[in-house]
Amino acid sequence: MSDYCSNFRQKNLNIVIALLRGLRDGDYPSLIARQIGLKRNLIHYYIRKLEHLDYIKNQESVEGYHVKTRGAITLYHLTPNGSKFLEEIEKKAYSSKVRLHNCYWLYPIIQQPEIKIDWRRVELHNWGQLIGRELGLTVRKNTNSVEIIASVLYGDDPYELLFRSRDEANNLASYLEQKFLMTLGRPKLSRKPHFGIYTPVVGKWSENFQLDTDSGKIDRSKGSGEIDWTDPVAAANFLRMPNRLERIENSLETFAKGMDQHMLLITELRELV
1 MSDYCSNFRQ
11 KNLNIVIALL
21 RGLRDGDYPS
31 LIARQIGLKR
41 NLIHYYIRKL
51 EHLDYIKNQE
61 SVEGYHVKTR
71 GAITLYHLTP
81 NGSKFLEEIE
91 KKAYSSKVRL
101 HNCYWLYPII
111 QQPEIKIDWR
121 RVELHNWGQL
131 IGRELGLTVR
141 KNTNSVEIIA
151 SVLYGDDPYE
161 LLFRSRDEAN
171 NLASYLEQKF
181 LMTLGRPKLS
191 RKPHFGIYTP
201 VVGKWSENFQ
211 LDTDSGKIDR
221 SKGSGEIDWT
231 DPVAAANFLR
241 MPNRLERIEN
251 SLETFAKGMD
261 QHMLLITELR
271 ELV
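Read in order, the letters of the sequence shown correspond to residues 1 to 273 in our numbering.
It should be emphasised that the hints constitute simulated quantities derived from the structure, not laboratory data.
Be a bit skeptical, because a hint or two may be false.
Said to hold, decoys possible - Calculated lysine-lysine pairs in the DSSO-like style (CA-CA distance at most 27 Å, straight line): (1) Lys-188 to Lys-97; (2) Lys-49 to Lys-97; (3) Lys-39 to Lys-97; (4) Lys-49 to Lys-116; (5) Lys-116 to Lys-97.
Make a model of the complete structure from these sequences and hints.
See the structure below:
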């Protein structure tokens, strides 16, 4: 890794990569913060640091950039140094990390809350759903269940990310039980989580076709090229593929050398006959 990356700790590089990709794609900082599950004050810390390193520059404030925004927002663009930095770190192993998102944990309600929940009410077909924010996470209360939308997590192991996500949801579930005097059961995933793995070639593939299978998908969704695996086994196998190919290559090379020695021995034996 070059001196470019020495400006950031290894555990923070994925945040920097996601931030630079978002700015490159035309997103604004607070939107990127929501996409990657980061607090706004932290995203602005990284913005200031990237500005100081001359990786990004502040564009003029733009009114009405997005219909859902209020007032003016600040856009940034990558400088030549920033583009070079992003290109370099995307080639390194850091960009092969797993990004766990779309992870929803469903808790059955054993005992309904004794304290009224003052979240926003959304009317659905024949019933209403309460949606709120607690401890930085979005929570939805259904008639007989509570659904916690976990934050975006980064790591190397899909299963470890699932455990971390469940622990995060369990901590919030305990908090909700105490706050609203309710009892929740054991959680389960209410939908297939996505294990996103950045792959540069996927961005090109998705320009011409889309793929959606039981274990993953490739499409033209916003952001850089990712394979969104929905099966942790498939995601883990994909991450191990480069090492497996290297082992196969080494085995074939060893086999080829052995065959060369074998053929040389046969040739020598023929000369003796």
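Results for each hint:
Between Lys-188 and Lys-97, the direct Cα distance comes to roughly 25 Å. Compliance with the 27 Å bound is thereby established for this hinted pair. Among the hinted pairs, Lys-49 with Lys-97 is consistent with the structure: their alpha-carbon atoms are about 23 Å apart, no more than 27 Å. For a cut-off of 27 Å, the pair hint linking Lys-39 to Lys-97 stands: about 21 Å separates their Cα positions. For the suggested pair Lys-49 and Lys-116, the alpha carbons sit about 43 Å apart, so the restraint of at most 27 Å is broken.
Taking the CA atoms of Lys-116 and Lys-97, the gap is near 41 Å; set against the 27 Å cutoff, the hint is violated.
Figure legend: structure checked against the earlier numbered hints; hints not met, in rising order: 4, 5.
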